[in-house]
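Peer 1: The listed protein sequences derive, respectively, from chains A, B and C. In our numbering, each residue's number is its place in the first sequence (first place is 1) plus 2. In our numbering, each residue's number is its place in the second sequence (first place is 1) plus 9. In our numbering, each residue's number is its place in the third sequence (first place is 1) plus 110.
Rather than coming from a laboratory, the hints here were simulated on the basis of the structure. Please read these numbers as outputs of a predicted model, since none were measured by experiment. Be careful, since some hints might not be right.
Pulled a few chain B residues facing chain A out of the computed Cβ check, cut under 10 Å [stated by the list, open to error]: (1) SER106; (2) ILE108; (3) GLU115; (4) ALA139.
The beta-carbon is built from N, C-alpha and C at its ideal position, and this holds for glycine as well.
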Amino acid sequence: MSGKLDLKRFLSGNAVILVFVLISAAAIPASKLSGTYIVQEMLTRIGRNSFLVLALLLPIYAGMGLNFGMTLGAMAGQLGLICAVNWGITGVEGLAFAALIGMPISIALGYVCGSILNKAKGREMVTGYMLGFFINGVYQFTVLYFMGMVIPIRNASILLSRGFGIRNTLNLESVRQSLDLLWSLKAGPYVLPMSTYLVLAALCVFIVWFRRTKLGQDMRAVGFDMGVAEAAGIPVDRTRVIAIVISTVLACFGQIIFLQNMGNMATYNAHDQTSFFAVAALLVGGASVKKATIPNVFIGVVLLHVLFVVSPRAGQNLFGSAQIGEYFRQFIGYGVIALSLVLYATRERREAAALRASTYGAGRKAAAAGGSV
Amino acid sequence: MGQDSPLLSVEHVSKDFYGNVVLEDVCFQLRAGEILGLVGENGAGKTTLMRILFGMPVIAETGGYKGGVCLDGEEVRFASPFDALDAGIGMVHQEFSLIPGFTTTENIVLNREAMRGSVLNAVFGERMSALDRAAMKGKAESAIARLGVKLDPDMLVSEMPVGHKEFTEIAREINREKTKLLVLDEPTAVLTESEADILLKTLRKLADQGIAIIFISHRLHEVVELADRIVVLRDGGVVKDLPNEGVSVRDIASWMVGRSVAADRAASADGRRIGDEILKVEGLWVDMPGEPVDGASFSVRQGEIFGIGGLAGQGKLGIPNGIMGLYPAGGEVSFRGKTVPLNAPRTALETGLAFVSEDRRGVGLLLDESLEWNVSFTAMQIQGKYLKSILGGLVRYRDEAAMRKLTQEYIELLDIKCTGPEQKAKQLSGGNQQKICLAKAFALKPDLLFVSEPTRGIDVGAKKLVLDTIKRYNRDYGTTIVMVSSELEELRSVCDRVAIVDEGGIAGILPPTAEPAEFGLLMSGVSPTGAGPAGGEPDGAKEARRA
Amino acid sequence: MPDLKQTVAEFGWPRVIIFLFLVALFVLAPFVGVRLDDSLTNVLNRFGQNAVFVLAMVPMIQSGCGLNFGLSLGIIAGLLGGILSGQLGLAGAAGFFGAIALASPFAVLLGLGYGKLLNKVKGEEMTIAMYVGFASVMFMCIMWLVLPFSNPTMIWGYGGKGLRTTISVEKFYRGVLNNFLMIKAGEHLRIPTGTLLFDALCAYLMWGFLKTRTGTAVTAVGSNPDYARASGLSVDRMRTVSVVISTFLGAVGILVYQQSYGFMQLYGAPLQMPFAAVAAILIGGASVNKASMLNVILGTFLFQGLLTMTPSVINAALQTDMSEVVRLIVSNGIIVYALTRKTRVAK
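All chains, please: the whole structure from these sequences, using the hints.
Peer 2: Here it is, written out as structure tokens:
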């Protein structure tokens with residue numbers, strides 16, 4: 003009986019990841035893409051996307067769920083890049099400059115976001131999501147009207163022809179892949195962006211170290227039980243705000259890394275999908291709303307992006323329409339988020355029911371026979 | 010170790026909540042290394058006294074207290090629990106305050122972790138220091154060693170048996186270097202007997218190390234076994250303060266509840282017909298958090314007022330909640346010889362049972378809706394009353410005129426103070442809200458009515474009105490009433506028989522005229538015949554209570 | 111004036127500001143050369159188009175399921191009804207009401223499933239509703255491509271497979287409601303009487319439903335689920351009822367919208383539609399767990415008024431189109447505001 007139960011628990015605990023592996027296993031051969039191509043794509047995309055996914059970890063430790071408000075950080079990063087291009091600072095220096103500009107903005111936005119989420123305890127995720135939309139409005143207002151009108155823009159080529167507002171697409175040629183190419187390694191048919199990997203490794207080390215600090219410990223305590231943490235004298239609200247601020251700043255850096263790899267930026271849309279991709283990747287990697295690890299991040303990025311790379315081609319080959327694959331991958335992305343949120347919410351209730359069953363009535367004998375856990 | 014000067018001295022402490030006196034001129038003293046057993050019924054003032062001692066903000070918010078508390082001869086007045094902690098007072102609350110995903114060590118040193126500073130401290134402050142895991146474990150181990158129990162410092166709290174959680178909490182309190190006074194509120198409530206024994210030995214060991222202990226327990230035999238000194242609180246005052254020499258459980262029980270039987274008893278019995286058994290409950294278990302019932306059996310006769318009393322957390326509230334289907338329950342319940350299915354609120358209501366919940370604001374009322382809604386809603390949903398047909402019977406709308414009329418009737422009948430049936434329920438005072446809850450149940454015209462804690466949180470004048478209403482309803486309509494209350498006096502003045510619940514079961518049923526001590530003994534788990542409680546609870550049930 | 115202050119505080123400052131902003135736009139309009147009758151026609155038109163969507167928010171708010179970010183499910187049912195009606199060659203009133211009839215089974219089935227799902231995830235309804243909505247829209251994108259519809263006005267000219275992104279409903283049911291009893295006053299003022307009447311009918315039915323025994327129960331479940339349970343109600347059932355009604359109204363809503371707007375929009379179009387409806391009802395004064403017909407009417411009017419007036423007035427005044435930005439800030443701002451208000455969280 004318990005063996006069956008274990009299998010069931012394993013399946014429900016890893017449902018998302020299993021579904022994904024199955025779909026990918028079917029889609030890869032259907033796409034007829036070469037293994038080399040897929041592997042190279044993954045090597046690139048790990049560098050491009052992982053930083054953003056890692057930015058989600060801290061708020062999860064603090065019990066605030068998936069930080070859909072990371073979009074705020076992405077926008078701050080984009081503001082930084084606009085400034086870097088405007089000032090004509092190129093290469094890695096340009097990226098550093100963008101990060102320097104983006105950091106105070108993302109700290110401020112993170113502070114605002116954290117404070118608002120403290121007012122919406124219990125529904126942080128939907129509030130963070132809507133806040134992303136709201137700040138998007140403010141961002142557009144700033145970039146579309148203020149830049150060139152109130153904020154001086156020296157580089158006229160990035161302005162719209164009307165004289166103010168940034169062009170819809172910002173060419174990032176001046177900083178394009180400057181981080182990736184700083185030290186890139188050729189290994190057989192593959193190119194490895196080692197410098198980006200080093201940055202990622204540094205962030206992972208930071209996160210591991212951070213968990214071992216007093217603040218990290220407090221964050222975990224707050225995440226488990228705000229009431230107990232408060233009673234022990236941990237400043238709960240402040241800790242939560244710090245988690246969001248750090249996450250927002252990391253999202254800012256992450257977006258800069260993402261965009262330098264892409265090489266251009268859709269000024270008004272680049273951040274629209276940021277939280278979607280990051281959250282979907284993390285969940286695909288086996289994380290939940292309450293628990294996420296660094297391996298979840300990398301497993302998730304690989305699995306999600308394998309599907310994203312192969313599905314348009316698979317759709318083309320199977321149904322004669324690349325569009326179907328395109329829709330399919332978005333369906334899977336949104337579906338994965340919905341599925342893992344549902345699984346998580348139902349699992350909590352099921353566990354409560356299981357505890358009850360083992361405590362009272364018929365379950366009592368079974369529990370006694372089975373011995374203590 | 011300073012046997013002469015008291016460590017703690019409570020001097021003439023009084024406290025009222027908006028005129029409602031809960032503590033009056035309380036005095037007692039405690040020396041280092043002494044164990045004080047503090048006993049009293051619910052509402053005797055234990056909790057408030059501990060809140061004052063621990064500097065809970067609720068005290069200051071409600072106007073502070075009179076009198077003084079001296080620690081080591083110096084008057085203290087804590088603004089927050091953290092001040093109390095700093096002054097060396099540790100407290101173990103009834104509910105566990107542990108983080109389930111943390112290990113024993115992490116919980117013991119929670120927010121007092123050993124740290125290794127780093128360069129980042131200068132920029133980002135203390136909190137960026139790395140934890141010194143080895144030192145943390147060392148601290149935890151030494152605290153555990155002082156307790157003299159075996160605890161695995163690396164075990165997760167979520168995987169611990171319940172007794173270990175209790176010890177982890179105590180270890181956390183004594184881990185503070187300065188802790189010299191430890192307050193334990195019902196520490197044995199969730200423990201098995203063998204675990205409780207170990208705990209008592211541990212406490213004695215701590216006392217021998219010079220820590221003073223205030224031990225609050227309803228298990229009087231534990232108090233007699235452990236305490237050096239016993240303080241009995243009743244109605245906010247100290248009725249006994251004496252060394253534990255030759256004191257028996259029975260003595261304490263009678264001090265705890267001892268009062269004269271209320272005078273208005275006499276009139277209540279006459280003119281009513283008490284019939285045969287109408288409700289039979291057998292082996293009832295209810296999973297109500299904080300009030301679990303486990304194996305309760307009793308029967309109620311037609312037309313009587315049956316009282317259910319007992320201390321908080323023993324399961325008396327779980328009984329009506331379980332029978333009415335509000336919490337998962339099992340066992341046999343039959344009404345007029347027919348089985349009442351459990352876990353089905355609608356069927357229970359349709360059978361002719363009704364319930365006035367103890368959780369007035371949480372369960373009893375639609376706070377944001379009008380009084381009309383509140384009073385007529387259940388009758389509308391269950392019995393199809395207060396609906397009118399329109400479109401030739403195709404659709405039925407709420408009959409607001411009928412709802413208003415009904416509500417108006419009850420407003421007059423029960424003398425409910427309000428601006429009218431349209432007023433929102435949340436705008437009424439507690440007593441009037443309670444009357445609305447009663448009106449809602451009366452509107453169902455039930456055969457049997459459960460009334461749970463009808464006078465909780467309402468002022469003295471309103472209490473009497475509510476109790477009179479219940480009595481009158483029973484007399485006028487012959488409705489059987491099962492009344493659950495923490496206030497024994499109330500039960501004794503209203504009920505025909507009083508059952509006392511202890512550890513989830515019925516410890517005994519007494520007539521209201523029985524000696525106070527008899528009630529007191531039942532509450533403390535000692536049956537008057539001298540036999541102990543009917544078997545300990547399984548650990549699981551105790552675990553659930555705290556979950 | 112403490113009374114006024116309190117009323118304003120209860121209504122919420124953001125709403126007052128939006129209201130004043132709209133009034134200012136109307137006052138300003140003539141000065142920048144925007145015709146008021148033109149504007150009014152526009153506002154009324156858009157009011158008619160959107161009122162049913164906003165109305166669809168009411169049952170779920172009342173039952174405590176929160177804001178229906180998953181309204182897209184209802185919209186999908188409505189799209190299916192409309193397409194089937196077109197496929198069957200129904201036209202005019204038959205086309206419109208046929209579309210509603212054809213959409214109903216989809217709406218009810220989707221609503222039942224959606225309701226069951228939301229009952230399993232109490233407390234997390236809104237986030238999950240949002241993603242269920244997104245995922246369903248994306249799933250339907252695939253369906254629009256592969257389902258074997260054949261009416262040539264609806265499918266892509268080339269390849270002969272897959273539905274078009276936008277399909278004109280000119281030949282199906284364009285203006286069925288709008289043109290019914292339309293009042294034309296002068297050259298510019300057009301009042302879409304039929305649509306407004308239809309909206310009023312829907313609102314009346316909703317109002318009536320909330321007065322029935324079940325409707326009362328739905329409200330009580332949202333007001334205090336524990337009270338409702340203690341009164342013998344099945345909280346889950348009442349919530350499901352509210353979800354089904356909301357989904358059905360979403361389906362009707364998109365058909366009303368199409369007959370006025372003139373086009374069916376498939377594929378990604380339903381993604382953002384729920385947000386506008388959510389914002390509108392919140393602007394109308396509803397909270398996350400209380401909404402009334404007045405909130406619906408006021409909210410739709412204020413929100414659509416804002417959407418209409420901002421581009422015309424601001425464009426005329428500043429020679430630049432800020433309407434999109436204003437929409438983003440106002441609609442999402444009000445949602446964030448409402449989410450941070452303290453309310454009882456359902457267990």
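Peer 1: Against chain A, with CB atoms and a cut of 10 Å, does the hint on ILE108 (chain B) hold up?
Peer 2: At 5 Å from the nearest chain A Cβ, ILE108 (chain B) passes the 10 Å test, so the hint holds.
Peer 1: For the hint on GLU115 (chain B), just tell me whether its beta-carbon gets within less than 10 Å of chain A.
Peer 2: With Cβ-Cβ at 7 Å, under 10 Å, it holds.
Peer 1: So, as I understand it, the hint says SER106 (chain B) touches chain A; can you test that by seeing if any CB pair is closer than 10 Å?
Peer 2: holds, 5 Å
Peer 1: Was the hint right that ALA139 (chain B) lines chain A, CB cutoff 10 Å?
Peer 2: holds, 5 Å
Consistency note: the structure conflicts with none of the earlier hints.
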